[in-house]
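Trainee: Chains as they are written, first to last, in the working numbering: chain A, 79 to 365; chain B, 30 to 230.
Hints listed in this document are in silico derivations from the structure and should not be mistaken for laboratory results.
Keep in mind it's a predicted model, so treat the numbers as computed, not measured.
Misleading hints may appear alongside valid ones.
Just the calculated beta-carbon pair ranges, DEER-fashion [what the hints assert, rightly or not]:
| no. | chain 1 | residue 1 | chain 2 | residue 2 | range |
| --- | --- | --- | --- | --- | --- |
| 1 | A | Pro287 | B | Ile50 | 39 to 47 Å |
| 2 | A | Lys204 | B | Pro216 | 38 to 46 Å |
| 3 | B | Arg215 | A | Pro194 | 39 to 47 Å |
Yeah, the Cβ is synthetic: ideal placement off N, Cα and C, and Gly gets one too.
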Amino acid sequence: MNSVVSVTDFYFKYLRSDLVLKNINLEIEKGSFTVIIGPSGAGKTTLCKAITGIVPYYTGGDYAGDIKVLGETTKGKKVSDLAMKVGLMLEDYESQLVSLTAGEEVAFSLLNHGFPPEEAEERTRKALEDVGLPGRESYQLDELSGGQRQRLALASLLAVHPEIIVLDEPVSAMDPDGGESLYKLLGKIREEYGTTFIVVEHRVEFVLPYATNLLAIKNGEVAAQGRCEDVIPRVYEDTDLRPLLPDLWQIKCNLEKKTAQKFALWKSEKEAVAELQAKGFGRGVRA
Amino acid sequence: MTGKIPDAVPEEKKITAPPLIHVEANQEGYRWVAITAMLFAIGIILHTVSPNVGGVTPNWTIAMYSIVINLTRPPLKRAIGIGFIAGLTLIPSSKSAFPLGNIASELCGATTCCLLVKAFVACRMGDWRLTPFITGFAATFVSGGVFTFILKLVLGLPLRVWIFAMLPVVAVVGVLNGLITFGLFRPVKKLFYAQEGGEEK
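Just chain A, same shape as in the assembly (with noise of 0.2 Å):
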């Protein structure tokens, strides 16, 4: 397995803090969308931070084991220089914009690594039209609106073309369609370059079908990973996290725990009904 992010061994707790994280080990592989899962207070924004080196490089705190992005440790690697590989936003996104209008915003990180000028400029306007905000360099951030903003935010991203993009919780403050939006674009994105997707949802029914792999953590400890097809009934029996999975994941494994069928991995309500139907439920039921 290509795998880009790895995870070895590791704990973290904050200074003054309990661990936060306890004996992680994953494997995050090349151009997976890994949708992480968990109670709050669970581990899921920590978990993020250490894939980027803020944790605890940047925070401090006490660590043991290794991380490892693209096949290097993130042992002494300043954030920064992380960021070119791995790109975060976090679930405050308005925190991450510093500039005064959207092209100096996308621009900044990629000029603060020395990009020339002229590269900096034609990577802004890729991937402010990669997001949906072509020719909106010049607009001031505050002309933007929220779901904008948040596109922009993911510009500045996608700008330094980094391979795995680490998203907290994107669509936590957007109504249904701006958040099917987001995630229609990132799905967009993850085809077109193969990015890697790394995301912490509590929504998880906006990712469906996106999702390729699902990572349950529960008390700062992995309680289940790997495919969705193959971590849904194990999250399902859990009772802590099965709320936590979308109501069709949910019907899914409900009639197969009742009826001792198989079901696909509905990705959609249609999908569901389409096998349903085919498998002979509802069969003279009337609406």
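Got chain A sorted already, so can you dock chain B onto it with the hints?
Mentor: Frame of chain A, contents of chain B only:
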């Protein structure tokens, strides 16, 4: 991701962590510079515009670097640097007979503050950390003491004048500065750590 799926973690399973490696926060040197510069700027402005009441004026610059040292807990070398810069910033607005004395006095003040911050890390009264008051007072007292002693030497004043006339005024300013440092420490800390989720250092 691996195809191997670990079993769900049992509730009662206790994980013993191996020996952990301690890492100091490495915030790439930018934030402490920014906060130091910002507080110095505020200190200089307040130092310039503060009126003299009954011969006593709080020394805002010392209060500000005391807050900076309490917040960022710099190593001694860096604290000496902060003291040196503080001394330099005080020279242009100094009305004393020997403005350069500010450099020596602030070097001593910042060094005292840094050493006391390291010594009084856990000094608390209920929820309140007393270290900002203690260090604000001590830094001002030492800095003022050194400055007035230099002044005594330059002007050839008797020792009794320094002890009975100058040091009491320095002590009053020290108390004022201690209170300012204590009062401003919490709000500045909240701003300083807002991006870090308010982690207590």
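Trainee: Taking the numbered hints from earlier one at a time, note which ones the structure violates and give those numbers from smallest to largest.
Mentor: Of the numbered hints given earlier, the structure breaks none, since each of them holds.
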